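**Q** Chains as they are written, first to last, in the working numbering: chain A, 874 to 1348; chain B, -2 to 466.
Fair warning: there could be bad hints in the mix.
Said to hold, decoys possible - Below are the DSS-like pairs computed for lysine-lysine, each with C-alpha atoms no more than 25 Å apart in a straight line: (1) B:74 <-> B:87; (2) A:891 <-> B:210; (3) A:945 <-> B:210.
Just so you know, these hints were derived from the structure itself, not from any lab. Since we're looking at a predicted model, the values are computed, not measured.
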Amino acid sequence: MNYDVVIGIEIHLELKTKTKMFSSAPTTFASKANSAVNEIDFAFPGTLPSVNKEAVKKALEVCFAFGLEIDKLLKFDRKNYFYSDLPKGFQITQQFFPIGRNGKLNIKIDGANKEIRINRIHLEEDTAKQFHLNDKTYIDFNRAGNPLIEIVSEADMSSGLEASLYVEKLRQTLLFLGVSDCRMEEGSMRCDVNISLKEKGSSTFGTKVEIKNLNSISNIKNAIEYEILRQSEILNKNEKVTQETRRFDEATQTTVLMRKKEGNVDYKYFPEPNIKPILLSDEFIKNVKNNLKELPDSKIERYSQVYGLNDYDISLILSNYDVMDYFEKVMVFSNNPKNISNLINSELLGLMTKNNIKFSDLKISPKNFSRLSDLIVGQEISGKQGKEVLELMLSGDDVDVIVETKGFKQISDESFILQAVLEVIDEQKQSVIDYHNGKDRALGFLVGQLMKKTKGQANPALASSILKKELEKFK
Amino acid sequence: MAFKNILKQDENKRCLDSYGKVVKFQEKLNASVTMIEPELENVIRGKLYKIPYALKDNISTDGILTTACSKILANYKPVFNATVYDKLRKEGAVLISKANMDELAMGGTNLSSYYGKCYNPYDLKRISGGSSGGSAVLVSSGACAFSIGSDTGDSVRKPAGYNNIVGVKPTYGRISRYGVIPYASSLDHVAYFTNNVKDSAFLLEILAGRDDKDPTSSFENVDNYASLLSDDIRGKKILIFKNVIDSAKSDVALEIVKHFNNLVVELKNKGAIVEEVYFNNDLMRSIFPTYYIISNCEATANHANLDGVRYGSQIQKDSFEDIVITNRTIGFGTNVKKRFIIGSYGLYEENQEFVLKKAQKVRRLIVDEFLNKLKNADAIIAPASLSVAPLVDDKGNFDYSDEYLIGENHMVIGNFAGLPSITVPMGYVSNLPVGVNITTNVFKESTMFNIAYAIENITGIKDVIKEDF
């Protein structure tokens, strides 16, 4: 039997801010356990939350990027439940009035655009991190209170591929906005998938299963594909899918039961009395909107229209935030987007992989990189020499110094080349005679001699044309 | 000059004397939870230099026990200071006592403290009132020059009346709540006690002001209340809260109303324009249930942090659930548990519409009704209570009569609307003190102090110390 697959995705995104959502403690990741914490994060009695403006700004950026309607009156609510990773016994979130509603993003599937709607984006705070060792539980409160947004999609996706494309597009945009590290493996972007199957064409939805904490885009796809199979088999046997929460087991590439859901938990949501509703000024909102970083779709258009890059090159540059970032930094100095794109895609990336260098460690300044491209395009050095120079630039040395030291610089001074040509003709009389007698190899030999005399620095095309011209005179 | 009487004394002796009295009175009054022998070196030479005072035990003091009189926090020492405590330290005030209170400020009697009842120096068989009972008693007995409390319903202004002292609750957001263990966030105010109006006007200048750690605190300018203080109330429009007066039925209540009426005559004599105002009585009868729902819904969430994991009572068990259940079962008193249950009931999704949300709507109606009349006047006055301090053994007047519902609960409107409100001594009934309450419009503290000052001059009751008990 065939089924319609209904998929919705909830993403928790850790915002890249200096301090926490409601306290002034730093949001450092790798610091020692329970060191990036203050009395507010520990929920000491009498502490009060102060809203982090930077987090609000970043949430707004995400809302604008996906076209959500903004709620100018910022309100927070309490979600009440007891858990050891939740110091206050409630989480401050935006249950009733999310900062943004009704957005969308487009994914490309089989060459066509498909729109995935975003139901809401709301701000909230993260919980502490727990570690279980033997029979004990350890709690690190560093993460407690970190600013999060939750991005809730509509159930508009119907396959593992669509879901993975949605998350990929979302992630790319979020990275380009610079609002988050979006590290799925490290949990700064956490993905929960809701999936249900229903009879083809039916308007009655099936029972929803939640797959929690998918930590890579390929796992999203694989987990969904497995889950579709699992649920299909159950339905094929005329059995019922049970409402439950599952996780994806990478080793077996299957989903496994975490817990059954027995009714809805009552979180007793109510408005947070310690934060009065905050009216975001039109100026603040406008400011965020006007300073929004360029989004991927706009970059694609610009690279194509303004830079004249082809789709393949564009996709290579945009496939990675760091590559895009470096490309744009180099373009500040360069007028040769095609050559820059080629140099990055076919030379630099390979060299970096070979030498195990990350962009954060790359010592080639964008200006130097642009200079290298200019030298190649201006035929001051050959493409082959360019590659050699690039590899040497990894050490951080200046491009001109390398070219100089290596004696790579091509000479295009006609009088200088003419002088060398005349000397070669004078020294190699036999070859000149051979050339005029129609021996093709003689020309090659003479060019070789010419390059030797100029230490390979003569512009080859120029040198060859001057040589030919002068040879005619000795006919 | 504010704090005239205490400043007359030798600067070190007055602190040591204060500590001596706190210790000496403890057996009879049980006003303190922690008594702090003063260290008199390196005290900052500020505006309250070496003035001894007390903090209610729900105000966080770094390294000093802050129990909120709950067993669950019996061993709790904060790692930070409440903003009010910091402000007082920076002005050189010397902390002598962490004062007794109702457990987690939930109550109006100070009978529910884990550390036992607090007694009234005017009659040791009677309650101090609460929840800021210890703070009130330490001032009325002369042990401290002033004290800080908190006021969620009338927890400073009610005991002020029972103790013949001044109790001030300014506008919501006027004094930072940062570091004050809450009862109900939307109703909680930092409030305080002094022996006279001038001291209280002066003290507010120090306590008030914006604090970035309390986002509900106000940016509103802080006036020079003390230097603006004047008892000239000519032309001031003062409303008489008629529903309160009309609800008086008992002999004591009628005695109190007699004092009040005499006072009104004197106010008229001083040139005030006095008018009676009668509010919708059904709304006035709804104050108490509305308060009870809102405060306890907020409280049950506010205290969900007391789970036995990070501080306070930390009885170890095998699972988180067992830790929470055990620590909270042992750690909270009956009264608190009762209020948590009511609050939790009101928060359940299926109940919220007709419990919490309804209460919030009624709160809005009460506030609108009140402000609608007050906005055209300078102040509204009423007896702070229609009773004298009840006997400790008194089971309470919970007959849901108007005398209880309105007469004993009307000051909650000050918390509903966040209005500045002060209680000052009014007179005596059978040798027991009774107070009068003055409430003004938002941020009109100066008007509030001026009318209170005029009343103080009419009654002549100020700086009364009750040391012989």
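**Q** Can you give the numbers of the hints that this structure goes against, from lowest to highest?
**A** none
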